[in-house]
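Number of protein chains: 2
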Amino acid sequence: MKTVGKVYLVGAGPGAEDLLTVRAARLLAAADVVFYDALVPAAIVALATRAQKIAVGKRCGAHSTAQLFINRRLIEAARQHAIVVRLKGGDPMLFGRAQEEIDALDDAGIAVEVVPGVTAAVAASAALKVSLTRRGVSRNVVFATPRVGKMERESDWIAAAALADTAVVYMGAREADALADALTRRGLAASTPVAIVENASIDDERCVVGTLGDLGRLAAALGGGPAIVVIGQVLREKLAAERLRAAKRESARTRVRRAS
Amino acid sequence: MKTVGKVYLVGAGPGAEDLLTVRAARLLAAADVVFYDALVPAAIVALATRAQKIAVGKRCGAHSTAQLFINRRLIEAARQHAIVVRLKGGDPMLFGRAQEEIDALDDAGIAVEVVPGVTAAVAASAALKVSLTRRGVSRNVVFATPRVGKMERESDWIAAAALADTAVVYMGAREADALADALTRRGLAASTPVAIVENASIDDERCVVGTLGDLGRLAAALGGGPAIVVIGQVLREKLAAERLRAAKRESARTRVRRAS
Chain A
1 MKTVGKVYLV GAGPGAEDLL TVRAARLLAA ADVVFYDALV PAAIVALATR
51 AQKIAVGKRC GAHSTAQLFI NRRLIEAARQ HAIVVRLKGG DPMLFGRAQE
101 EIDALDDAGI AVEVVPGVTA AVAASAALKV SLTRRGVSRN VVFATPRVGK
151 MERESDWIAA AALADTAVVY MGAREADALA DALTRRGLAA STPVAIVENA
201 SIDDERCVVG TLGDLGRLAA ALGGGPAIVV IGQVLREKLA AERLRAAKRE
251 SARTRVRRAS
Chain B
1001 MKTVGKVYLV GAGPGAEDLL TVRAARLLAA ADVVFYDALV PAAIVALATR
1051 AQKIAVGKRC GAHSTAQLFI NRRLIEAARQ HAIVVRLKGG DPMLFGRAQE
1101 EIDALDDAGI AVEVVPGVTA AVAASAALKV SLTRRGVSRN VVFATPRVGK
1151 MERESDWIAA AALADTAVVY MGAREADALA DALTRRGLAA STPVAIVENA
1201 SIDDERCVVG TLGDLGRLAA ALGGGPAIVV IGQVLREKLA AERLRAAKRE
1251 SARTRVRRAS
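Chains as they are written, first to last, in our numbering: chain A, 1 to 260; chain B, 1001 to 1260.
Just chain A, same shape as in the assembly (with noise of 0.2 Å):
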């Protein structure tokens, strides 16, 4: 009989190798095989000193024939090894396609178990210092994704986004413009407070603050990394913050011009 070992869909959190959970590092360390997406940084992939490390595409942009070809290896790597790791940037569960695999596994009779981890959402609100809810402000957070497979439909989610109080749009930076048109089109105001976290929780960890009217300016500011854009009036005071610095600022430069 052949050793049958488990396959662990483990969350490697935002980025940062100390935001990686207790678990997810013991694995690490333990791994016969990790498979790990494109996005997940070489620090983190890194702990696993004892596995063969295999590199398997991007988080999202990954095509179903690319997806079988994943749910093959993990299956033929979990007939071979007693401790394969599967790692995903954030969470699985969260923008991480794991329900592919977690299917593909259950269906070849291979064990699974999913390691959660720190989204991105949280940590980008953690590096703005601005909490996704707030008692008389907001309740609720809806998290969404803008990538647009050809099946799926924009308008209900941008209702959702629209809806909720506050919301988290993970990879919306490269569609900022589109997203602050739909979003505005639903009756968000352009002056709604937005935020943008570039590299959260990593060297080049960058955030802007502006308004919805301003979105696609502000993205177009950052750099390339992966971003995620909070919106919602949980912004507001982080917004008048910003504009008091930035009046600041230009007072003091009005000073130094007038007495030169």
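Hints listed in this document are in silico derivations from the structure and should not be mistaken for laboratory results. A couple of the hints might just be wrong.
No more than 25 Å apart at the CA atoms, straight line, and that leaves these computed lysine to aspartate or glutamate pairs for DMTMM-like [as the list claims (entries may be wrong)]:
(1) A:Lys53 with A:Asp103
(2) B:Lys1006 with A:Asp18
(3) B:Lys1129 with A:Asp32
(4) A:Lys248 with A:Asp214
(5) B:Lys1006 with B:Glu1175
(6) A:Lys248 with B:Asp1203
(7) B:Lys1238 with A:Asp103
(8) B:Lys1053 with B:Asp1203
(9) A:Lys6 with B:Glu1017
(10) A:Lys129 with B:Asp1103
(11) A:Lys53 with B:Asp1018
(12) B:Lys1053 with B:Asp1103
(13) A:Lys129 with A:Glu100
(14) B:Lys1129 with A:Glu76
(15) B:Lys1129 with A:Asp103
(16) B:Lys1248 with A:Asp106
(17) A:Lys53 with A:Glu76
(18) B:Lys1006 with A:Glu17
(19) B:Lys1053 with B:Asp1018
(20) B:Lys1238 with B:Glu1175
Since chain A is already given, all that's left is putting chain B on it; use the hints.
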């Protein structure tokens, strides 16, 4: 001059000791003082071996006066100690009342850092082995809570939850009947698949699966532990599998009865 320390708002994760982040574990080990919510398991609080450990009320039940008292104690602690940890269940920025504390510390000129954690919703999803988002089924998910303050309206969050592909309701089990009613009035079919996960990630973890029309009965069958309600079509295979198992059990029972 007084020593002025730093306050870390730390997510304790969903409950399991090893679903804490590595950063959180290190901060607890180094902390001088830890203020913790009632919902954080004792095993996690105990990781703060050298700290003075202070319980400060419930995760969601704190009144404003209690909150002001916590804010004041955090400020006092930071004026006397280098590392002050404020430990909250799940992630601090989701239903954690973090903003009041961040703002109070900011106003007092005390440095504050937020350490994100694994939120209960993804731990529940891991327990169910059902992804919250799924290609072609769910591209967005709303996190909400029915705990309604006097100033807050029900209608908007229910509408957002009804429109989202997947809805996750924190602490929703106790008000399961009202929740099901409100969502049904908003157009969700009584046949919509639902699940409740009680004590996600810890001892006595329990998952029940059924339909929205059945939510009250499902909730009543659980114990009194913290529970997460998941609603949406991402659960339809899980529900079908559950029904298949129930049908098989019923057939086996019938066979036994006929044989006797």
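Item to check | Pairwise hint evaluation, Asp103 of chain A against Lys53 of chain A, where the allowed Cα distance is 25 Å at most | outcome: Roughly 23 Å separates the two Cα atoms, so the pair holds.
Checklist entry - Between Lys1006 of chain B and Glu17 of chain A, does the CA-CA distance stay at or below 25 Å? => result The given pair, whose Cα atoms are some 22 Å apart, holds under the 25 Å limit.
Checklist entry - Has the given pair, Lys1053 of chain B with Asp1103 of chain B, been kept, meaning a C-alpha gap of at most 25 Å? => result Cα-Cα ~23 Å, so holds.
Checklist entry - Given the hint that Lys1006 of chain B pairs with Asp18 of chain A, does the C-alpha gap stay at or below 25 Å? => result 19 Å, holds
Checklist entry - CA of Lys129 of chain A to CA of Glu100 of chain A, is that 25 Å or under? => result 35 Å, violated
Checklist entry - Keeping to a limit of 25 Å between CA atoms, is the pair of Lys6 of chain A and Glu1017 of chain B held or broken? => result This hinted pair holds, its Cα atoms lying about 22 Å apart.
Item to check | Pair hint outcome, Lys1238 of chain B versus Glu1175 of chain B [Cα-Cα no greater than 25 Å] | outcome: Roughly 23 Å between the alpha carbons, so the hint for Lys1238 of chain B and Glu1175 of chain B holds.
Checklist entry - Does Asp1103 of chain B lie within 25 Å of Lys129 of chain A when you go C-alpha to C-alpha? => result At roughly 9 Å apart (the allowed maximum being 25 Å), Asp1103 of chain B and Lys129 of chain A satisfy the hint.
Item to check | Given pair status - Asp1203 of chain B, Lys1053 of chain B, alpha carbons within 25 Å | outcome: 23 Å, holds
Item to check | Hint consistency between Lys1006 of chain B and Glu1175 of chain B [alpha-carbon to alpha-carbon, up to 25 Å] | outcome: Measuring from Cα to Cα gives roughly 38 Å; hence the hint is violated.
Item to check | Hint consistency between Lys1053 of chain B and Asp1018 of chain B [alpha-carbon to alpha-carbon, up to 25 Å] | outcome: This hinted pair holds, its Cα atoms lying about 20 Å apart.
Item to check | Restraint status (C-alpha distance of Lys1129 of chain B to Asp32 of chain A at most 25 Å) | outcome: 23 Å, holds
Consistency with the previously given hints fails for numbers 5, 6, 13, ordered from lowest to highest.
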